[in-house]
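Residue numbers (this note's numbering), protein chains in the order written: chain A, 427 to 723; chain B, 40 to 275.
It is worth saying that the hints were derived from the structure and are not from the lab. Every value quoted in this text rests on a predicted model; they were computed, and no experiment measured them. All C-beta atoms, glycine included, are put in the ideal place defined by N, C-alpha and C. Keep in mind that the hints are not guaranteed to be accurate.
[To be verified] Simulated pairs of lysine to any residue, SDA-like, Cα-Cα distance not exceeding 25 Å:
1) K592/A - Q169/B
2) K164/B - I208/B
3) K146/B - T591/A
[What the hints assert, rightly or not] Here are the simulated distance ranges between beta carbons:
4) I525/A - V262/B: 57 to 67 Å
5) F709/A - N100/B: 56 to 66 Å
6) Y640/A - G176/B: 51 to 61 Å
7) D605/A - H94/B: 20 to 30 Å
8) L253/B - I525/A: 44 to 54 Å
9) V571/A - Y50/B: 53 to 63 Å
10) D264/B - R516/A: 47 to 57 Å
11) E158/B - L436/A: 48 to 58 Å
12) G529/A - K210/B: 48 to 58 Å
13) S518/A - G172/B: 24 to 34 Å
14) G172/B - F709/A: 18 to 28 Å
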Amino acid sequence: MSLQTFLQHLVNGISLGSLYALLAIGYTMVYGILRLINFAHGDIFMLATYIAFYSVTTFLLPWWAAFLIAIILTALLGIILERAAYRPLRSSPRISIMISAIGASFLIENLAIVIFGGRPKAFPIAPIFSKILVVGDVSISIVTVIIPIVTAIALFILNYIVNKTKTGMAMRAVSKDYDAAKLMGININYIISFTFGAGSALAAIGGILWGLKYPQLIPLMGIMPGLKCFIAAVIGGIGNIKGAVLGGFILGLGEIAIVASSPALSGYRDAFAFVLLIVILLFKPTGLMGKNSAEKV
Amino acid sequence: MLKINDLHVHYGGIHALNGITLEVPENKIVTLIGANGAGKSSTLKSIMGLAKTSHGTIQFNGEEITGKPTTHMVSQGLILVPEGRRIFSNLTVEENLFLGSYLRKDKAEINKDLNWVYELFPRLKERLWQMAGTLSGGEQQMLAVGRALMSKPKLLMMDEPSLGLAPLIVKDIFNIIKEIHRKGMTILLIEQNAKAALEAADYGYVLETGIITLEGPGKELLVNDQVQRAYLGDHK
Ligand SMILES: Nc1ncnc2c1ncn2[C@@H]1O[C@H](COP(=O)(O)OP(=O)(O)O)[C@@H](O)[C@H]1O
Ligand SMILES: [Mg+2]
Numbered sequence: 427m428s429l430q431t432f433l434q435h436l437v438n439g440i441s442l443g444s445l446y447a448l449l450a451i452g453y454t455m456v457y458g459i460l461r462l463i464n465f466a467h468g469d470i471f472m473l474a475t476y477i478a479f480y481s482v483t484t485f486l487l488p489w490w491a492a493f494l495i496a497i498i499l500t501a502l503l504g505i506i507l508e509r510a511a512y513r514p515l516r517s518s519p520r521i522s523i524m525i526s527a528i529g530a531s532f533l534i535e536n537l538a539i540v541i542f543g544g545r546p547k548a549f550p551i552a553p554i555f556s557k558i559l560v561v562g563d564v565s566i567s568i569v570t571v572i573i574p575i576v577t578a579i580a581l582f583i584l585n586y587i588v589n590k591t592k593t594g595m596a597m598r599a600v601s602k603d604y605d606a607a608k609l610m611g612i613n614i615n616y617i618i619s620f621t622f623g624a625g626s627a628l629a630a631i632g633g634i635l636w637g638l639k640y641p642q643l644i645p646l647m648g649i650m651p652g653l654k655c656f657i658a659a660v661i662g663g664i665g666n667i668k669g670a671v672l673g674g675f676i677l678g679l680g681e682i683a684i685v686a687s688s689p690a691l692s693g694y695r696d697a698f699a700f701v702l703l704i705v706i707l708l709f710k711p712t713g714l715m716g717k718n719s720a721e722k723v
Numbered sequence: 040m041l042k043i044n045d046l047h048v049h050y051g052g053i054h055a056l057n058g059i060t061l062e063v064p065e066n067k068i069v070t071l072i073g074a075n076g077a078g079k080s081s082t083l084k085s086i087m088g089l090a091k092t093s094h095g096t097i098q099f100n101g102e103e104i105t106g107k108p109t110t111h112m113v114s115q116g117l118i119l120v121p122e123g124r125r126i127f128s129n130l131t132v133e134e135n136l137f138l139g140s141y142l143r144k145d146k147a148e149i150n151k152d153l154n155w156v157y158e159l160f161p162r163l164k165e166r167l168w169q170m171a172g173t174l175s176g177g178e179q180q181m182l183a184v185g186r187a188l189m190s191k192p193k194l195l196m197m198d199e200p201s202l203g204l205a206p207l208i209v210k211d212i213f214n215i216i217k218e219i220h221r222k223g224m225t226i227l228l229i230e231q232n233a234k235a236a237l238e239a240a241d242y243g244y245v246l247e248t249g250i251i252t253l254e255g256p257g258k259e260l261l262v263n264d265q266v267q268r269a270y271l272g273d274h275k
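All chains, full assembly: derive it from the sequences and hints.
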């Protein structure tokens, strides 16, 4: 493999890894605070792309306004999802809330088929996103470069919120101990809503970037990325934000490495995530960066 | 300051509190003693809104607070140091203290309180950047008390602060409680260590399986036959 092919694959891998990381964080944040796998997270991701699609095609908004609206509305949808499907069951057995998550996922997918139609739609791509960058002998689409940059900015902001702000501190406290957090005067419901909003906003950013890179929308497009990013979160150590980012990049780079190493193997790219999950869980059951802490009751 | 009248708490079919009436006057230390499972923690949890009150009323500074959310209690200065410390082990010592002042906006006063906490617990000041989970049991209890003080309590409630600590450290903790009280703090102290609690307290209540069976000034309870037999060992 020549150097420029290698670089090309590397950039692609980083780009795909960024997308996975953005989606994986939502799983890990919600799990950290509710001990719940939000099965509808991939569908939230799908909704973001459709909101952006209709904002541009039906409402004729400029791309930046469409993206902004998609991020805000998706965050709101995440908050509504928690209110409607999870909050009423918060003190029920864990299995009930999990079933509710699966139900919410099916509901969103099927509603999407009814409302948006099952036929694929082409994501509208503004001219500035279809440029090709040529650096030396390497030519890459500008989207492939934008994705990691936007991801880095989003991660930087998230890291700041979680570690440096009062709300972030409260999030970490709530993830440790609900009652003790209440005794500090923290409003648990607000913090949980905030977590869903933030996780969904990141999924929306991921969804929009995904649409720019793979511009074909279908209502079930969230299932496979959702599943893979759940795996990425588990591989990194679910509940750990840095772990989710690490897991996302491992999956993205690994997938591209498989495709690059032999075209014959490219049919197995989706299987890679599952194999990796099994291997890592065999050696490190709590994930790469997970703590060996006992399950919260 | 705090008035509880005929308080009942149920957990499913368990009747944990069966009509408790007690009062904590301003600037006093009141203690509630009783064996394991008597309902001491349930009393405090129900005051804070963490356990559901099934019957009865709780008044704080004249305001009826029964059934209000915990945030409201905290904002009114009703602060609990919970049983088992419940510090946030995944946060630094400094962040734990900071969360104590979560609802407060009075920056200057917060800094004053922080300095007071450092004065009371110099060991916390040396460990500000450490994860709270790495502290020893005694230090964690100090952090739990320090964190509560950062909430600017009007009434400080402590649930078995001496539980599981070495005798020397228990002594430290009780000295701190007295020191805080000297500054004018009203305290409701829950203890299994009845002797130390009654010695420190102005007034005491004895709780047995959800009912208050005895009450009186701390000094009187200390020499009461029933209390001696049940809680102080029979060796006096
Ligand atoms: N969350 C709970 N669910 C069910 N029963 C409880 C719960 N908390 C306490 N109890 C029961 O209520 C009674 C009083 O408990 P508690 O208030 O913790 O006593 P204490 O603090 O005096 O040891 C006990 O019988 C205990 O088993
Ligand atoms: Mg107790």
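Hint by hint, here is what the structure shows:
no.	hint	verdict
1	K592/A - Q169/B	holds, 19 Å
2	K164/B - I208/B	holds, 18 Å
3	K146/B - T591/A	holds, 16 Å
4	I525/A - V262/B: 57 to 67 Å	holds, 60 Å
5	F709/A - N100/B: 56 to 66 Å	holds, 58 Å
6	Y640/A - G176/B: 51 to 61 Å	holds, 54 Å
7	D605/A - H94/B: 20 to 30 Å	holds, 22 Å
8	L253/B - I525/A: 44 to 54 Å	holds, 50 Å
9	V571/A - Y50/B: 53 to 63 Å	holds, 58 Å
10	D264/B - R516/A: 47 to 57 Å	holds, 48 Å
11	E158/B - L436/A: 48 to 58 Å	holds, 56 Å
12	G529/A - K210/B: 48 to 58 Å	holds, 57 Å
13	S518/A - G172/B: 24 to 34 Å	holds, 30 Å
14	G172/B - F709/A: 18 to 28 Å	holds, 25 Å
Checked against the numbered hints given earlier, the structure satisfies every one of them.
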